Structure formats: structure tokens, C-alpha cells
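*Asks:* Based on the sequences and whatever the hints tell you, model everything.
Now for the letters of each chain:
Number of protein chains: 2
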Amino acid sequence: MNDKINVIAFDADDTLWVNEPYFQETEKRFCALLENYAPHHTLSQELFKIEMQNLHLYGYGIKSFMLSMIETVYEISGGTADLKLIPEIIRLGQDMLQHPIELLDGVKEVLDALKGRYRLVVATKGDLLDQERKLKKSGLLDYFHHIEIMSDKKTDDYCKLLKHLDCAPEQFLMLGNSLKSDVIPVLELDGYAAHIPFHTLWAHEHYEGNLEHPRFLQLTTITDILDYVGH
Amino acid sequence: MNDKINVIAFDADDTLWVNEPYFQETEKRFCALLENYAPHHTLSQELFKIEMQNLHLYGYGIKSFMLSMIETVYEISGGTADLKLIPEIIRLGQDMLQHPIELLDGVKEVLDALKGRYRLVVATKGDLLDQERKLKKSGLLDYFHHIEIMSDKKTDDYCKLLKHLDCAPEQFLMLGNSLKSDVIPVLELDGYAAHIPFHTLWAHEHYEGNLEHPRFLQLTTITDILDYVGH
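Protein chains in written order, with my numbering: chain V, 104 to 334; chain B, 104 to 334.
Just so you know, nobody snuck in bad clues.
You can't tell identical chains apart in this list, so a pair holds if it fits in one copy or across any two.
Straight-line alpha carbon distances no greater than 27 Å define the calculated DSS-like cross-link-like pairs of lysine-lysine that follow:
| hint | residue 1 | residue 2 |
| --- | --- | --- |
| 1 | K152 | K283 |
| 2 | K211 | K240 |
| 3 | K218 | K266 |
| 4 | K187 | K152 |
Simulated from the structure, these hints should not be mistaken for lab results. Bear in mind the structure is a predicted one, so any value in this text is a computation, not a measurement.
*Replies:* Next comes the structure, spelled out in C-alpha cells:
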């Protein structure tokens with residue numbers, strides 16, 4: 104790792120705190136509500152298809168997920184399902200929006216070790232209000248110099264972030280659980296990126312292939328980063 | 104107006120381009136879909152009540168509006184409405200998300216006159232992806248030094264924006280159509296604010312009372328601002 108690293112940016116969902124398991128848990132409940140119409144895997148497939156169709160219009164986040172679940176009820180039942188399912192699905196989504204924050208192991212230790220020595224940043228996709236609320240509830244807000252909630256995490260989006268932070272790519276290190284969103288676009292800009300796998304990943308974030316790059320670090324847990332930048 | 108103004112920030116919806124009339128038009132169509140269950144004014148009232156109940160969870164924007172319309176179908180019909188209404192409402196929302204941008208009169212003239220002489224900023228509430236898309240479609244992106252999409256526009260939110268822009272309140276002028284969101288919180292910070300009325304205003308933005316303040320400008324149209332800062 105070079106000495107010039109100045110900004111360390113963290114993905115939020117499934118990097119700082121648990122997220123995807125709540126989506127999967129909600130999807131299970133959603134499938135249970137509709138099990139008279141189709142088996143779970145068919146429902147999951149239809150929901151994912153509808154989510155992907157809507158992604159360019161809705162973007163990421165829980166409200167988008169709610170709207171796609173509601174659309175799936177109609178599609179999967181051919182319009183015959185009971186309207187009473189709708190408030191149950193709204194409730195599932197509202198429960199997600201109010202879920203407590205569960206920090207991942209090692210996060211506080213890493214932030215404590217890095218605070219004051221680097222500009223720490225959160226760079227996350229998702230819904231503006233929901234991500235702000237999660238940050239507040241997480242108790243981590245004071246660690247961060249800047250919070251960037253992004254509509255997407257492509258190379259261009261990181262380019263804007265770096266410009267905004269007045270940070271050269273070789274001074275930037277991004278940490279996250281998604282190779283597709285947190286690692287590859289940053290390496291493309293000649294920044295540094297570290298991958299911290301999380302046990303579960305949304306299908307949309309799947310990346311096939313091996314990654315080798317001089318500015319890429321494959322870590323096992325978030326605390327491993329301290330071997331590179333902590334001392 | 105003092106000479107120190109450095110940043111001029113514009114609200115977007117109903118200040119740069121038409122917005123609220125599309126919500127009202129959609130609400131009319133929504134009420135027409137449900138006219139077997141209740142008269143329009145009852146439906147509008149119920150929808151507004153549900154929107155206000157959900158605001159703290161969903162925030163502003165079209166997806167929130169879609170979810171509240173869907174919830175209203177269930178509530179107003181006591182669960183008896185046909186599920187077939189749901190895709191019709193989803194379509195209404197998706198049409199809104201894809202609506203062309205209609206710039207308001209005088210906007211380009213004002214931006215052309217001010218560009219290069221002030222740091223021009225957009226400060227808007229709403230959904231992240233939707234507002235970014237509208238800005239791109241508007242063709243106005245190049246005028247702006249910074250775009251701030253905010254989950255709310257209270258005094259604290261403007262405080263963060265000013266800090267972020269490294270701008271003192273007496274160097275900041277905000278223009279917008281909502282006294283509640285664009286003017287009062289900025290005056291509270293000792294910034295300058297100008298009100299440009301738009302012919303229609305969402306009930307949530309209504310403000311009762313007269314406003315007199317040495318840093319407040321009541322304008323008739325956006326081009327009036329050039330009498331204060333344009334020359």
C-alpha cells in the first residue's frame with residue numbers, strides 16, 4: 104500500500120452493518136404469503152426479474168423493493184390474488200425501514216484505529232433518507248468526514264466523488280463487499296480497493312472471474328486492513 | 104443585496120421546472136380510478152393523510168407517492184377493491200418518473216446571466232435517482248458547480264450544505280417557490296432568500312403568515328433576481 108493514501112472510503116451495507124440478510128428474510132416472508140400461487144424459487148425469480156426491469160426507473164433501496172414485491176403479487180397471480188396481501192407487503196417493507204442497525208464485527212475497531220489519520224468517508228448506494236437514517240442509528244456518524252449516498256457506483260460516480268473530495272486516485276482506498284460496485288470501478292480509476300467478503304450477496308452484485316491487480320487487496324475480515332494502513 | 108454573495112442556490116421542482124402539476128394530474132387520475140369508492144375530495148384527503156403518516160419513513164418523491172397511493176386503495180375500499188387497480192397505479196407512477204422536463208420561463212436567461220459570476224448550486228429535496236435524472240434531462244447540469252439532493256430542507260440541512268460549500272451565510276442566496284423549505288430555514292441561518300411563487304403548491308409546503316425580514320426578497324418571477332444580483 105502506498106504512503107499517499109489520504110482518503111479511506113467504506114461501503115455501508117454489508118460492510119459496516121448487516122443488510123442483505125434482511126432483504127433475504129423479507130423475501131422469504133413474501134414468498135410464504137404467496138405460496139398458494141407459486142413455489143418459492145419461482146416467486147424469487149419473478150421478483151428478481153421485476154426488480155431488474157424497474158432498476159433504471161426506481162434505483163436501489165427498500166422502497167424500490169416494496170414496489171417490485173407489490174408488482175410481483177399481481178404478475179404471479181394473474182391479477183387474482185387478494186388485495187389484502189398489499190398491506191402485508193407494505194408492512195414487510197416498513198419493518199425493514201425501521202430495523203435496528205447491527206454493526207459488523209471489527210468495524211468500530213477499524214474506525215477507531217484510522218480516525219484522525221485519514222479522511223474517512225462512507226460511499227453507499229441506496230435510498231437517501233434510509234441510508235441517512237441508518238448512519239444516524241449506527242452511531243458511526245462522528246467517524247466520517249463525508250457521507251456520499253450515490254444513485255450508482257460506476258466508474259463515473261467514483262470519478263465525481265474523487266473530484267468532490269479533491270483526492271487523486273492514488274490517494275484513495277475503497278473498502279467493500281462487492282467486487283462489482285466497490286472494487287472494479289475504483290481500480291479502473293487507478294485507485295486502491297479492498298474486498299471484504301460478506302457471507303451473502305444480492306444476485307445483482309455477483310461477479311464472475313478472478314481479480315488480480317497491483318492495487319487490489321483481498322481481505323478476509325475488515326480488521327485485516329489495519330495490516331496495510333493502520334501502522 | 105450585499106456584495107458578498109458568492110453562492111446562489113436554486114430549488115429545482117417548481118423553481119427550475121414544472122413538478123407539482125404532474126403530481127396533481129396523477130392524483131386526479133388516481134381519484135378517477137377509485138371513484139366508485141369515494142368522492143375525489145375524500146380520496147385526496149385520505150391520500151394526503153397516508154402520505155403524511157409515511158413521510159418520516161419514506162421521505163419525499165415519486166416512489167413514496169406510489170406507495171401511499173397503493174396503500175390508499177386498500178384503506179379507502181376496506182380491502183374490497185380489485186387487485187387490477189395496483190398495476191394501473193404503478194403505471195401512473197412510472198409515467199411520472201419518465202415525464203419530460205418542462206423548464207420554467209426565464210430560467211435559462213437567469214442562469215446565463217449569473218454563470219461565471221457566482222457559484223451556482225441546486226439544492227433540492229426528493230428522490231436521489233429521480234432528481235439526478237431530471238437534472239440530466241433538463242440540460243442545465245453544466246450551469247451548476249454543485250448539486251445537493253437533500254432528504255429534507257430544514258435549518259440543519261442548510262447548515263450542512265453551507266459547511267460543505269465552505270460558504271458563510273451572508274454569502275449565500277437561496278431561490279425557491281416554498282417559503283417553508285427554501286426561505287425560512289435560510290433566513291434563520293442569516294442567509295439571503297428569495298421567494299418566487301409558483302401557481303400551485305403541495306399542501307405540505309403551505310405556510311401561513313406574512314414574512315418580513317431584511318434578507319428576504321419577494322419576487323414575482325425568477326428573472327426579477329437579476330435586478331438584485333445580475334448587474
